[in-house]
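Q: Dock chain C against chain X, hints included.
Chains as they are written, first to last, in this note's numbering: chain X, 1 to 408; chain C, 1 to 408.
Derived by calculation from the structure, the hints in this document are not laboratory data.
One or more hints might be untrue.
Because identical chains share one entry, a pair is satisfied inside a single copy or across any pair of copies.
[Stated by the list, open to error] No more than 35 angstroms apart at the CA atoms, straight line, and that leaves these computed lysine-lysine pairs for DSBU-like:
#: 1; residue 1: K208; residue 2: K238
#: 2; residue 1: K208; residue 2: K147
#: 3; residue 1: K403; residue 2: K97
#: 4; residue 1: K348; residue 2: K175
#: 5; residue 1: K175; residue 2: K361
There are 2 protein chains.
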Amino acid sequence: MATLNSAYRRLTAGYLFPEIARRTREFAAANPDASILRLGIGDTTEALVPAVVSAMQDAVTQLGDVSTYSGYGDSEGQTALREAIAALYQSRGADVKVEDVFVSDGAKSDSANLQQIFDVSNVVAVQDPAYPVYVDSNVMSGRSGTKNNQDQYEGLVYMPCTAENDFFPALPEEKVDLIYLCSPNNPTGAVASREQLQGFVDYALEHKAIILFDSAYAEFIQDPELPRSIFELPGARKCAIEINSFSKTAGFTGVRLGWCLVPTELECEDSEPGELHKMWTRRQNTFFNGASNVVQAGGIAALSDEGQAQCKELIAHYMENARIIREALESIGLECFGGENAPYVWMKTPAGIDSWSFFDKLLGECNVVGTPGSGFGPSGEGYFRLSAFGHRENILEATERIKTQLSL
Amino acid sequence: MATLNSAYRRLTAGYLFPEIARRTREFAAANPDASILRLGIGDTTEALVPAVVSAMQDAVTQLGDVSTYSGYGDSEGQTALREAIAALYQSRGADVKVEDVFVSDGAKSDSANLQQIFDVSNVVAVQDPAYPVYVDSNVMSGRSGTKNNQDQYEGLVYMPCTAENDFFPALPEEKVDLIYLCSPNNPTGAVASREQLQGFVDYALEHKAIILFDSAYAEFIQDPELPRSIFELPGARKCAIEINSFSKTAGFTGVRLGWCLVPTELECEDSEPGELHKMWTRRQNTFFNGASNVVQAGGIAALSDEGQAQCKELIAHYMENARIIREALESIGLECFGGENAPYVWMKTPAGIDSWSFFDKLLGECNVVGTPGSGFGPSGEGYFRLSAFGHRENILEATERIKTQLSL
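One chain only, chain X, in its complex shape (with noise of 0.2 angstroms):
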């Protein structure tokens, strides 16, 4: 008699997104004149930069006449790729190996599969609010309790991010085992600096200890002062994982590419040397087979000079709705966070009220989605976040309808 894995009766409510996806689905069925205005899941709206569809025409070509065809590739990616990604790394002095890099169909899969290789014993960290599929991936694996009174899984140690502590968390007090850390954050904005992340990596190195590391947002810092990777900072290649995609920066949301670095000195209390890096190899071998080829070769042209020069582009664009929005709300005496080096801007709920009530406010009022901080945690509560991710004419008719017609 077959039995199911009851930690998914842990979990409460749905995925955020799909959630947010419902709502909105609702209030344009009852209200079907509205034109709704999505600034809630951070999603790309421009189109991919020519060097990349450029790349991926060429790849479906190649596939489509039998002397350039390939079939499997390495479950770790095509070396040109990981070469690509480990020199981005290298030009700016982090501490990255090509054989670290291991290419995937996204950052969400990479989050949510590394806690594989440790135990179910270890004690997670995740800073509050987190994007939640740390917390959600853990707590189906059996890392958790049920929720508590205060919204939080037991057993889990939430590090709160608020406007008291800039949205870093302080070290753990507790004895911890796996620490997410985002950086620049979602969903607050925030960036760590090197000063911030290096008290983790040595917490980490101390306590033998894991960081798990995303960055998916690194090419959105501004601020040449701010650490981009966790590899720039000494003592990480023992301690820690960086989680990385090409989601945001090149407009793969749809198109699926990401990648994670494992590094080969990664070690934990019972690990022998280079044992992770060869787990973490033998997981990808045996549960995925390599991102698609198609999608690799449009990777490959991101990283090369003129599709780098191209994506900043992108990047400067959505970075420029950031400004716009922060400004507007700023112009009603909204309190906000964020948007500088990073495409979120997370701003206080005007009056205390929730962030689900100020959801429905927001769509009933102006016709505009958002996302409750609340839906990343427990210390979200009294927050909202905005995605710079849109047009800009939808970004600007968006913050006019925020500004005139949004009751304080």
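A: Positioned in the frame of chain X, the structure of chain C alone reads:
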């Protein structure tokens, strides 16, 4: 102090195909003049069909134009693709609904991931020999002990498939919970009859077990009497999940696209109605962000009337290869199975030599790479798999070498 998932240490050797690649590389390095022909891994070699190439070109073009660009899609897959997949089944009398269909990046991922929604205590039964992913993913997830001296992981139930039972297993005598079946079978090339499959469906219904049915080679079935889907059989919607792929039928081994069918009626001992379907939805929403939109466009085209006609020609090409291989082997007195409704020929090694010795012998004497049967499980010992995927001239050359150079 982080600790690793020690279940990985129970795994013996590397994943089969990287191991074959490693041995082949070593041979090539030691014999630089050898012209090596690869009939090992089941990797497609012929070009993508024109309908698919054209659709993927169009998809890339659309992503390069802001007016037709699209980002995130549903993690379950595009509705048009889910509908086309369901329609394919329905046209053959299989009881499949659109909401059963979950599009993925390939059958390997689904084969490995589906076990996650079941409890770790479930007893897993596999055909022996079998595609290594079924066993390895369950070992890594903690459903086994270490390997015993019969080359079996303790705690897993091996269902021998040998010449004596026509390569289809008897019903398990012990209680099992999750049953992996593959038909047409990789590696043996055997296809379950309707009666054989119904026996397992009836067993699963009686014992509330779940069948994970891998039909990745269904399109290679030539005999119209043989079932191509488990959902052609009454009762299967309550007890079976089906896994399928575009890899072998449309040449998508490197392009990456597959699907699984999780019926809304699927149930196990402790599930609420519809719960397993909801759990898999939640799993995919959390761990996966959908297959590439470019690739899904190719999948839709492969299922169009034009695409289906073109893919049938591809399949006919590979099945003619299978006929050539089987005929050549039999002409020199080797005992062969499969190759008639599946793209794999399964042969008994000559003079009782073991599978890896025959691998070395075939590579050394003929410079032909095959796959040792023992790599698929202990009952595969003394057998050897040759893949029919390949260019015709290579298949002819390889079989000619086998006929003239192999010492028996």
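Q: When no copy is specified for K175 and K361, does a C-alpha distance of 35 angstroms or less occur within a copy, between copies, both, or neither?
A: neither (41 angstroms within a copy, 55 angstroms between copies)
Q: Quick one: K208 to K147, C-alpha cut-off 35 angstroms, is that within a copy, between copies, both, or neither?
A: both (28 angstroms within a copy, 30 angstroms between copies)
Q: Between copies, within a copy, both or neither: which fits K403 and K97 at Cα up to 35 angstroms?
A: Neither. Shortest intra-copy (49 angstroms) and inter-copy (46 angstroms) distances fail the 35 angstroms Cα cut-off.
Q: Indicate which option fits the pair K208, K238 if close means a Cα-Cα distance not exceeding 35 angstroms: within, between, both or neither.
A: Close inside one copy (9 angstroms), not across copies (46 angstroms); limit 35 angstroms.
Q: Within, between, both or neither: how does the pair K348, K175 come out at a Cα-Cα threshold of 35 angstroms?
A: Within one copy only: 31 angstroms inside a chain, 56 angstroms across chains, cut-off 35 angstroms.
Of the numbered hints stated above, those contradicted by the structure are hints 3, 5, listed in ascending order.
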